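Chemist: Residues per chain, in single letters:
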Amino acid sequence: MTAATGDAKRGPAEDEELTKVTQGTLSPAGENGSELAEANGSGSAGRKSPELAAASRSPLPPASSGPVRGGRLTVLGWLRWGWRQLTSMRTALILLFLLAVASVPGSVLPQEGIDPAAVTQYYVSHPALAPILNRLSLFSVFAAPWFAAIYLLLFASLAGCVLPRTVRLIGSARQRPPRAPRNLARLPMSASYTTDLTPAAALAAAAGVLGRRRFRLDQGDGWVSAEKGYLREVGNLLFHVALLAVLFSVGLGGIFGYKADRLLIVGQGFANTPTALDVFRPGRLVTPGDLQPFSINLLSFSAKYVTSGPQVDEPISYNAWLSYQSQPGAQVQHYLLRVNHPLVVDNVSVYLIGHGYAPVFKVTDGTGKVRWEGPVPFIPVDQTTLTSEGVIKVPDAVPDQLGFAGVFLPTAVDVGGTLQSAFPAALNPRVSLVAFAGNLGMNSGQAQSVYQLNTKGMRELPIAPRPLAAGQSMRLPDGAGTVTYLGYQQWISLAITYDPGQLPALISGFAALAGLILSFLIRRRRVFVRAVSASDGSTEITVGGLARSDAAGGFEAEFTDLTELLRNEHVGRSWQAARTGDGTADQPDDFNSQERGRLAVPAESAVTADDAPASGDYHEAALSREGKRGSDARQHKPG
Amino acid sequence: MPVNTSLADASNALLFSTVILYALAMLSYACDFAFAKQRVIAAVTVPELVAAGAGGPAIATRDAAGDQPAGTGAAETGRWPAGFWLRLAFGLTCLGLVTHVFAILTRGLAEHRVPWGNMYEFIAAFTCMAVLVLVAASVRYRAYYMGLFVLLPVVLALGIDLTLIYTPAGSLVPALQSYWIAIHVTAMIVAIGLFVFGAVVTTLYLLADRSQRRIAAGKPSWSAGILQHLPAPAILDRLSYRSILFGFPVWTFGVIAGAIWADHAWGRYWGWDPKETWSFITWVVYAMFLHARATAGWRGRRAGYIQLAAFACLMFNVIGVNLWITGLHSYAGMS
Chain A
1 MTAATGDAKR GPAEDEELTK VTQGTLSPAG ENGSELAEAN GSGSAGRKSP
51 ELAAASRSPL PPASSGPVRG GRLTVLGWLR WGWRQLTSMR TALILLFLLA
101 VASVPGSVLP QEGIDPAAVT QYYVSHPALA PILNRLSLFS VFAAPWFAAI
151 YLLLFASLAG CVLPRTVRLI GSARQRPPRA PRNLARLPMS ASYTTDLTPA
201 AALAAAAGVL GRRRFRLDQG DGWVSAEKGY LREVGNLLFH VALLAVLFSV
251 GLGGIFGYKA DRLLIVGQGF ANTPTALDVF RPGRLVTPGD LQPFSINLLS
301 FSAKYVTSGP QVDEPISYNA WLSYQSQPGA QVQHYLLRVN HPLVVDNVSV
351 YLIGHGYAPV FKVTDGTGKV RWEGPVPFIP VDQTTLTSEG VIKVPDAVPD
401 QLGFAGVFLP TAVDVGGTLQ SAFPAALNPR VSLVAFAGNL GMNSGQAQSV
451 YQLNTKGMRE LPIAPRPLAA GQSMRLPDGA GTVTYLGYQQ WISLAITYDP
501 GQLPALISGF AALAGLILSF LIRRRRVFVR AVSASDGSTE ITVGGLARSD
551 AAGGFEAEFT DLTELLRNEH VGRSWQAART GDGTADQPDD FNSQERGRLA
601 VPAESAVTAD DAPASGDYHE AALSREGKRG SDARQHKPG
Chain B
1 MPVNTSLADA SNALLFSTVI LYALAMLSYA CDFAFAKQRV IAAVTVPELV
51 AAGAGGPAIA TRDAAGDQPA GTGAAETGRW PAGFWLRLAF GLTCLGLVTH
101 VFAILTRGLA EHRVPWGNMY EFIAAFTCMA VLVLVAASVR YRAYYMGLFV
151 LLPVVLALGI DLTLIYTPAG SLVPALQSYW IAIHVTAMIV AIGLFVFGAV
201 VTTLYLLADR SQRRIAAGKP SWSAGILQHL PAPAILDRLS YRSILFGFPV
251 WTFGVIAGAI WADHAWGRYW GWDPKETWSF ITWVVYAMFL HARATAGWRG
301 RRAGYIQLAA FACLMFNVIG VNLWITGLHS YAGMS
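Respectively, the protein sequence lines represent chains A and B.
Residue numbering for the first sequence follows our numbering, starting at 1 and increasing by one per position.
Residue numbering for the second sequence follows our numbering, starting at 1 and increasing by one per position.
For reference, chain B alone in the conformation it holds in the complex (with noise of 0.2 Å):
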């Protein structure tokens, strides 16, 4: 079936209106961060027990379950009821959120397939889940002062999207017309978005650590006045824990999915191609970070620096592998 060339186009439109929401957005959360009047616990000021005691109930107690916490009142990690500059920053993120979904639908239609066929439609995906994600937390966790922390490297990767990686639509090769694309794919996707999450607040996690350390050594912390919009470290660690937890299983899957996949295209269902190889590095440099995570002497700072370890083998098997390295995975587009 011939490419909707008019839908393409509407694609594209509204994939850049996205990029210009979401730098919006992204201004906004700064203007919160520099006008707002109310403070949040600052990580920086607030005693060890006190910070930890409060942050606690604050995102620990809401839970699968879906009860919102007990107990826990104005002293939230987010700023809500919040001021103007945060509405709409987060009114923002919806909307870019908004029409990234309906720029990726309608790449979709525009192909008759499910639009994450190459590289520059991987991008615009994962990209979607992180700030599906970003959003998420806002609500669930409160996490707003999340925004422009998640919304940079967004922006810097739908920019360099549009712009350098840029696919025009089309048909799938015959290798990738399968069911499984929407099974491996999709999960890969939602479990990158989850991955880009937990890499954002670890990195913040591991400023805030950094410069809590530093104060309590009487030395200057230059990162303390922005890091002073930030819940204590404590809870940076959990919420970028739980957005790992949520993301390696979904990983497996996506690896295990893979596996069927490639058993029904290539003949095997594990071959050491370098993408197979590189998504079980991945995996498995997660898995040391969870196993970090739960040991004495590991936790913390050092199971942080792990899952940024971690990170940087995903960054380079999505984005290295594709570009580098020649494999059977490569429908990248960009030869």
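Chain A extracted, bound-state conformation (with noise of 0.2 Å):
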């Protein structure tokens, strides 16, 4: 938020009468004066002093007024003016809006990303519309090519606006502070009073102080100037850039980076190799053998519900013990897997994310083999209640193939007639199964869900389904067979990450954050003193100030406290008899901070708050350092 900045608000042509507007606004005594000025409507602070549109004009290159040179188009003239539309300020306002915009339909919408079940589901309840949202990318808004677009032209509307600022930057620091404008008295704040000291000798006073409050100096013959505050814009700078480095690291993470989920049931192990992984999302750069050795086993599962009161189903805990390798041959250990505490092992973190049921069958077929015999992990359609659903394909199964869609309940009630899971625990567990018959078509060379059966080529078999319990059987018509339910196991999914961009991002984001801090607390500002003989022998200090930044104001009190500090420094011992003897304050050495504002400005002293039109002779010691910005002006300065 440094002084205010330029924007080209039409078209190129009308860029001249733009770039009075925008030196208008940044010179110095916009700050306060001219923002004022228009926040009270009048609007046209920068336009009523001609001396400082023409001053302004003046270093201004002539290619910069647009495309248009001479009357023709030149390729370099369209060329510049289309890198001046893109770093403005207008445009990265536009951009960010789009940007706001464009991740409206990545909340409202099912996103592939986040929940692919519900983007099926999106297409089996609108399947006109689906499509075409599909073609405009509407279900991976964040991957879509038009959302890239938005964000890497909003950066590079970034970077073209950082650069130039921060090779400014540093052109500035180099420099010292402009000479002391002429009249202080016509700054936004000044104040004055008379010393018995030389004025030589009240300026060096001044430059001790000033200095000690670490500002940069100059003098000259009967002035001080002094500035402070270059560390606004360097925080200014620092968010800006931090926030491309945020961009970087996600570019980072999605190249070099992959995840994984698995799902895991109790007693089962897996390596952390793609085809041990349920999914497998590689960045751009991962191969398969890039994936760290680890393999983790699942010793155990238990999840804790409230029973009572009205928070009843909700769960309290999740706790899984696993024992993990971090390589094949490392020596085994222990950990106790929670939502909020993953298991990091080679830099791959492990979370715990989810958790359900996986109820345990023997299938015999008609010959009466054992075509099947292990736990099926269900999937939970009710996480309230974990009322759960799954499949079971006997492949194997002779004369014909299996296959069942079962409903699991941990909880089972009667409600009515039909049974429903009355709470997530595996209180009542009941399983209860639909049969069929044929083929399965798992050799059709398409591929399958394990969570889903194709009953195409499958016929239900007449049994009216019943729920088991643990032991119970179910004998199948036609000889076909014997199902039975032998008891549950519980399964946990994993999600695996690798992500080598986290930490940079982690950086990036708090640099950003403290940049902004920085360029919000800090403002910059300039003090200038002049001291003049007067015609009693004494010498006349006249300070003047001007800080040079958004209108959150603030600088009225450091100019306040600074006044004192010098007055003190000036008028020494004197002075602070005569405000002793005035009374207000009982303890000279120790009044507090509003005594000391209050004091530091007596009655007939001549601290003003002027937010008179910008004219004057302070201008040309400000516009020395602005007219070299004046090709700038219409780059946006951002905070």
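Check before you lean on any hint, since a few could be wrong.
[Stated by the list, open to error] Here are some of the chain B residues that sit facing chain A, going by a computed Cβ distance under 8 Å:
id	residue
1	178
2	182
3	266
4	277
[Claimed, not checked] Label pairs and their computed distance ranges (CB to CB):
id	chain 1	residue 1	chain 2	residue 2	range
5	B	215	A	170	46 to 56 Å
6	B	163	A	309	19 to 29 Å
7	B	210	A	97	48 to 58 Å
8	A	151	B	320	19 to 29 Å
9	A	317	B	13	41 to 51 Å
10	A	104	B	156	44 to 54 Å
11	A	163	B	215	40 to 50 Å
12	A	164	B	36	47 to 57 Å
13	B	136	A	510	54 to 64 Å
14	B	182	A	332	30 to 40 Å
15	A	248	B	136	57 to 67 Å
16	A	104	B	215	33 to 43 Å
17	B	36	A	170	53 to 63 Å
18	A	248	B	13	47 to 57 Å
If you are wondering where the hints come from, they were derived from the structure by calculation, not from laboratory data.
Source: prediction; values computed, not measured.
The beta carbon of each residue, even a glycine, is placed where N, CA and C say it ideally should be.
Two chains, two separate frames, one set of hints: put the complex together.
Modeler: In structure tokens form, the structure reads like this:
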């Protein structure tokens, strides 16, 4: 939020006109003065002053007025104009707006990257609309080309603004503060008093005071000028550069990182290889050999729920006991995996993100052979009661392949003749199965989900489904076989992520925050002191102040404070004596800031918040610096 | 640990008392507007330069350094030393703030956890922050004139919170059982409190600005009557800007803290969950406001509208996303 910034409001042909406005608000007085004037509806602070406009126009190179030069269009002119447009504040504002608007559908429509099942569901419920939305990438907004176009343009605009400003900052850090204006009383803030010191001694004392306050100083004949607050611009630049760094960090993760999911039943284990993972989303440059070779076993899992009161059914805790090895042959270690407490092994993080039940079945076929025995993960369809659904596929069954679609109820209760689950814990588990025989279609070459049964080539067996308790069997008709429900296991789902961009993103994020705070807290300001010998032999001191930051204000207090310090230095004891004499402060050495502030500005002192239109000699000093910025006036200086 | 029901009941009673105290404070602020003799800088009557000149030091001279205003005496923007009604109003506000804080404290003690785990608690917390900002601004910037306007939405929000959104005290789901709730959610509460204050001030700024322009153009202004109790639009503009300057970094911190927590809980620091998306949108639009505020041709009214748009995004994030969009942040307890 440095000085106000210009902005091409209209077409390029009007740039000349706009530059004036720009310069007006860039002017040092503008910060408090013109800002207020504008807020009050005049909006013409910049145009009030012809000499200002003239001064600001002169340093501009001719080409900067737009692509039209001498009535002809030049390629270079257009390019330059295009770059100026891109890096203008107006464009940045529009791009920010577009970024915000473009994000909205990503929160309203189901997203492929977040919930693929919801996208599939959307296709079913909106068969006509879904393909159109898909063409527009609206199911993967944040990976869409048009979304990337917006943020890349925004970051290009940002870079185009940040780079020249960095150069300027380095330049201005090398230069000395501008010479003091002739008439300090015309500055936004000023004060004057007399001292018995000689002008030279008074100025030396002033330089000492300002130097101790870590102002950058310059001195000349009868004046001292001081400037402070370069860190504001540093913070502002840091913020914007850090935002670019965040983007790069995200990209880093997308290129060298990977994400994977794995469903793990209690008692099972897996090694971190692509084939052992249920879902594997590698970054662009990740090969299977890059995966860290750890392995994990799930020893046990427990979930606790609230059993009574208004929060009944809500989970209290999930605990998964793991044993793991960081690589084959390494020492076996143990870890209690919980939500919010991921396992970190070899820079890879493993998270507990879900859980459910896996009923254990034994299926014998028509020949009496056991064709399936083991747990089958069922997927919760109701997160509150953990009513789960799943399928059993028995492709080896003879004479026909067998398939079952089942519902698992952790706590089955009879509600009006139908069984429902009343609680997420397995207090009274029951399984109900529908049996199919025929061709499972697993040899058709098409990939099948293990959680879905393709019943196209199958017939439903004529047997009424009945809830099975642990150990109970269901004999299939026509001698097709028997299915036994043996009990249940629990499973957990793990998210496995490796993201080398994580730490850079974190650092960049905090750097952006630090830059933001720096640029908000610090203001760039100048203080000038002039000393002139008066006719009666005393020296007249004038102090002027100028804050070059936004209109959040706050410089007045510091200026008051500084004036008091200077005055103290110049007038010294005699003034202190006078002050204690007037009875406003009982403890001269321990007066609080309130009194200090008041005392620094006696009624007759000339501290004013002058927001007169931009004119007067102090602008010469200001413009000697500002003029150099003329050509960059339309570049944005946000923060 | 089981919920301490007597403390939970005490919390409810305290919050109920808070609403009543705030409502009475509102009434007193209104009485102050209606009956108080002393008039402050009237936006509609003071010429532009005088208003800006007088306004400058009145607000702007107090700064992080903590110094008191220089050379500003009775011509303050607030009315202090105040008349009976304003003293009463401010006293009631402070009393309400105390019961509000105690309502939140007892709720936390009853639940043995940070008391912002669902939407009911969250609204109670950020309205408390908004009133805290109001009291701070009243003391520091003498913005006593804001009392009525800030308490109005606070009372409405708390009323809805106690009736429609009320959730009994309880424990947290595992996903919320992390010390990050104290960091991330607290930052969001502080930021939202500041944003609420900023939005109220900006609304008044836009009204005052409009009224001033209409009067300058010789047209009638329906809001002039109440706006004469407010300082110049430029002062309102600054006050609102300050609260956003304060709130924006806090919000940024909250988003970063949320990202760290998301990384701990869900295995990624950013996943475009609806809540994340909307806090991003909110952040972007507030950033737009800050940029517009520093840009010629955008500051003033336009920036004010952008700030209100940002606030609308924020409110949609706080309320809309909780109620209408399912995502990982569905902790509202409003199923």
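Chemist: Each hint needs a verdict: does it hold in this structure or not?
Modeler: Okay, the hints, checked on the actual structure:
1. 178: holds (4 Å)
2. 182: Interface hint status for residue 182 of chain B: violated (13 Å vs cutoff 8 Å).
3. 266: holds (7 Å)
4. 277: Hint on residue 277 of chain B: holds, closest Cβ of chain A at ~4 Å, below 8 Å.
5. B:215 - A:170: 46 to 56 Å: Taking Cβ atoms as reference, residue 215 of chain B and residue 170 of chain A lie about 49 Å apart, which means the hint holds.
6. B:163 - A:309: 19 to 29 Å: holds (21 Å)
7. B:210 - A:97: 48 to 58 Å: violated (23 Å)
8. A:151 - B:320: 19 to 29 Å: Holds, at about 24 Å.
9. A:317 - B:13: 41 to 51 Å: Cβ of residue 317 of chain A to Cβ of residue 13 of chain B: about 31 Å, so the range 41 to 51 Å is violated.
10. A:104 - B:156: 44 to 54 Å: Distance hint for residue 104 of chain A, residue 156 of chain B is violated at roughly 26 Å.
11. A:163 - B:215: 40 to 50 Å: holds (47 Å)
12. A:164 - B:36: 47 to 57 Å: Holds: the Cβ-Cβ distance is about 53 Å, inside 47 to 57 Å.
13. B:136 - A:510: 54 to 64 Å: Since the Cβ atoms of residue 136 of chain B and residue 510 of chain A sit about 26 Å apart, the hinted range of 54 to 64 Å is violated.
14. B:182 - A:332: 30 to 40 Å: Taking Cβ atoms as reference, residue 182 of chain B and residue 332 of chain A lie about 35 Å apart, which means the hint holds.
15. A:248 - B:136: 57 to 67 Å: For residue 248 of chain A and residue 136 of chain B the Cβ distance comes to about 39 Å; the hint is violated.
16. A:104 - B:215: 33 to 43 Å: holds (39 Å)
17. B:36 - A:170: 53 to 63 Å: holds (55 Å)
18. A:248 - B:13: 47 to 57 Å: holds (53 Å)
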